[in-house]
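> Residues per chain are reported as follows:
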Amino acid sequence: MNRDLSTRGLGRRRAMGSLGTGLALFCATLAAAALLAILGYVVVQGIGAINWSFLTQLPHPVGVPGGGVGNGILGSLIIIGTATLMAVPIGLLTGIYLALFGRGPVPEALRFLSDVLSGVPSIAIGLFAYAVLVAPLKHFSAFSASFGFMMLMLPLLVRTSEQAIRSVPQTVREGALALGMSNFRATVSIVLPTAMPAIITALLLAIARVTGETAPLLFTAFGSQFWESNPGNPMAELSLQVFTYAISPYPSWQSQAWGGALLLIVAVFVLSLGARLFLRRAMQGSGT
Amino acid sequence: MSPADRGFAAVVYLGSSLFAILIIGLFVELVLGSWPSIVKFGPAFIFSSSWDPINSKFGALPMIYGTVVTSLIAIILASFIGIMAAVFLSDFAPRWLGQPLSFLIELLAAVPSVVYGLWGLFVLSPFVRTAVGPALQKVFGWTPLFSGPIYGVGLLTAGIILALMIVPTVTAISRDVIAAIPRDLREASMALGTTKWETAIRVVLPAARIGIFGACILALGRALGETIAVTMVIGNRPEISASLFAPSYTLASVIANEFTEATTNIYISALIELGLILFFVSMIVNGLARVMIWSVRGSERT
Numbered sequence: 022m023n024r025d026l027s028t029r030g031l032g033r034r035r036a037m038g039s040l041g042t043g044l045a046l047f048c049a050t051l052a053a054a055a056l057l058a059i060l061g062y063v064v065v066q067g068i069g070a071i072n073w074s075f076l077t078q079l080p081h082p083v084g085v086p087g088g089g090v091g092n093g094i095l096g097s098l099i100i101i102g103t104a105t106l107m108a109v110p111i112g113l114l115t116g117i118y119l120a121l122f123g124r125g126p127v128p129e130a131l132r133f134l135s136d137v138l139s140g141v142p143s144i145a146i147g148l149f150a151y152a153v154l155v156a157p158l159k160h161f162s163a164f165s166a167s168f169g170f171m172m173l174m175l176p177l178l179v180r181t182s183e184q185a186i187r188s189v190p191q192t193v194r195e196g197a198l199a200l201g202m203s204n205f206r207a208t209v210s211i212v213l214p215t216a217m218p219a220i221i222t223a224l225l226l227a228i229a230r231v232t233g234e235t236a237p238l239l240f241t242a243f244g245s246q247f248w249e250s251n252p253g254n255p256m257a258e259l260s261l262q263v264f265t266y267a268i269s270p271y272p273s274w275q276s277q278a279w280g281g282a283l284l285l286i287v288a289v290f291v292l293s294l295g296a297r298l299f300l301r302r303a304m305q306g307s308g309t
Numbered sequence: 015m016s017p018a019d020r021g022f023a024a025v026v027y028l029g030s031s032l033f034a035i036l037i038i039g040l041f042v043e044l045v046l047g048s049w050p051s052i053v054k055f056g057p058a059f060i061f062s063s064s065w066d067p068i069n070s071k072f073g074a075l076p077m078i079y080g081t082v083v084t085s086l087i088a089i090i091l092a093s094f095i096g097i098m099a100a101v102f103l104s105d106f107a108p109r110w111l112g113q114p115l116s117f118l119i120e121l122l123a124a125v126p127s128v129v130y131g132l133w134g135l136f137v138l139s140p141f142v143r144t145a146v147g148p149a150l151q152k153v154f155g156w157t158p159l160f161s162g163p164i165y166g167v168g169l170l171t172a173g174i175i176l177a178l179m180i181v182p183t184v185t186a187i188s189r190d191v192i193a194a195i196p197r198d199l200r201e202a203s204m205a206l207g208t209t210k211w212e213t214a215i216r217v218v219l220p221a222a223r224i225g226i227f228g229a230c231i232l233a234l235g236r237a238l239g240e241t242i243a244v245t246m247v248i249g250n251r252p253e254i255s256a257s258l259f260a261p262s263y264t265l266a267s268v269i270a271n272e273f274t275e276a277t278t279n280i281y282i283s284a285l286i287e288l289g290l291i292l293f294f295v296s297m298i299v300n301g302l303a304r305v306m307i308w309s310v311r312g313s314e315r316t
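Protein chains in written order, with this note's numbering: chain C, 22 to 309; chain B, 15 to 316.
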């Protein structure tokens, strides 16, 4: 009787299964195909725009052919480099604090704040950088952009360094202390090096994230037509240039936007893949 | 404690206090910056639909509407595609297919926002104007949602771009949550004679529903705050229209588009208040998502 029930319509149920599996396969392929479509289009449109002068020259005014995004590339390096230099110590110290002294209401509140920060849209962080560093000084600056990027990098750095330091076995730490090391020495020369691969992976991902970020730059770095290396001044930045060129009505600028987009994608993918490989190698290396 | 230890502790406290001050400062500055607007317009700011910088009249309703509608389109598309993809990747895909597909979908998350915007502007929006839009209008044109002229840029295009951007979030977290469902459950179900598909849809998905719901809410949080790509394809017009083909504005895109042009103090303040609204909404949405995902994955922080 039961067998009867379960085999009745089995053909239809199997067909439903195949149909459903097909639909699921279709959805997974669709998402992957979207990536390939975007990637393919950017490569095809962008590769023609990229040459030596595109990478090294200043933008030309509309109507003058040629010109490049050299100042934007330099600006990206300066802005992101400065952001990284500020984010690493604050992130690492907060991670150490949470991992080593991290019980009670104060660390819990700090974790909560960090989680909140990780969900704040980048445009709101840009407003903060504007309010603190642009409005009082009355001019846009690359440093204010670095400040905003630092805020975007911090939550990931804090969370990962806390977890990485926590995951270093207590016995390793105690061993170091038993040999007469101070808490400070044990942390700096034993615990941190062990936790380092995970922290560097997170750092690479955080850098990748801000490399693709444009919104907060609109009213912090602002952009520039010149070679600028003083962080106190407005500065060009690659993703900002892509945005400006993309929404411009000039075909020559639009084609440069594709070139810049290709550079951005390559940079972000290299960073993400680098992080992935680094993590894999680090995990194999520790292999215990 | 040795002097070195005391110094070490002091530096660590200093660094983490700085971190706390930055986040609290973010909130305080947003409130301070919005204050003139909050005082002048009061709660009516949220319900007023006039955005008229020339006469210094500001209301957030068109932007709230645009943000909600684009995010809804995005989450509807992305949750269906993302959950189906996650089911396939976790329960059906052979290794040789599952790994490259997962990899490609995860890379989708790394594509910079401005590149999505560029692609949306030059590839997707002409496609919506010439193919998707007319097709939808032919079938559903009798509803106000799909009536009116099709510009290419507008709510629908922005929603589709956002969907692409958040699909990786839905897929990756759902896949992890589904993979964490005990094997016993699947085996018990199969032993009762269900097909693999019935097991996946009627047993595994319901067991993972809270975590998957959390993944969707987290993705929604990303969609709400996304700026540059949306700014490039939404058409930037502070109007409320029923049609999904109409140009609109979101909270984030109006800030991106108008902040550097804002000349009066009240204009700047109104824009910052939009940022403050965005801050609160993202905080609530993200908090909700985290609680849901934790409840499934245990106390492991995501």
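It cannot be assumed that every hint is accurate.
[Stated by the list, open to error] Cβ-Cβ distance ranges computed for the label pairs, FRET-style: (1) C:V85 x B:I298: 30 to 38 Å; (2) C:G61 x B:N69: 42 to 50 Å; (3) B:S64 x C:V291: 20 to 28 Å; (4) B:I254 x C:L51: 46 to 54 Å; (5) C:A36 x B:T157: 43 to 51 Å; (6) C:P157 x B:I60: 48 to 56 Å; (7) C:A303 x B:A256: 52 to 60 Å; (8) C:V85 x B:A194: 30 to 38 Å; (9) B:G56 x C:N72: 25 to 33 Å; (10) B:W110 x C:Q246: 46 to 54 Å; (11) B:G21 x C:N254: 44 to 52 Å; (12) C:P110 x B:A256: 27 to 35 Å.
[Stated by the list, open to error] Mimicking EDC-like on lysine to aspartate or glutamate, the simulated pairs with C-alpha atoms at most 20 Å apart in a straight line are: (13) C:K159 x B:E272; (14) C:K159 x B:E275; (15) C:K159 x B:E43.
[Stated by the list, open to error] Here are some chain B residues pointing at chain C (derived, C-beta under 7 Å): (16) V42; (17) G47; (18) W49; (19) L115; (20) L121; (21) P126; (22) T157; (23) F160; (24) G162; (25) V181; (26) T209; (27) T213; (28) V217; (29) L302.
Simulated from the structure, these hints should not be mistaken for lab results. The beta carbon of each residue, even a glycine, is placed where N, CA and C say it ideally should be.
> If any of the earlier hints don't hold here, list their numbers in rising order.
Numbers 1, 3, 4, 5, 6, 8, 9, 11, 12, 16, 18, 22, 23, 24, 27, 28, 29 - these are the hints that the structure violates, sorted from lowest upward.
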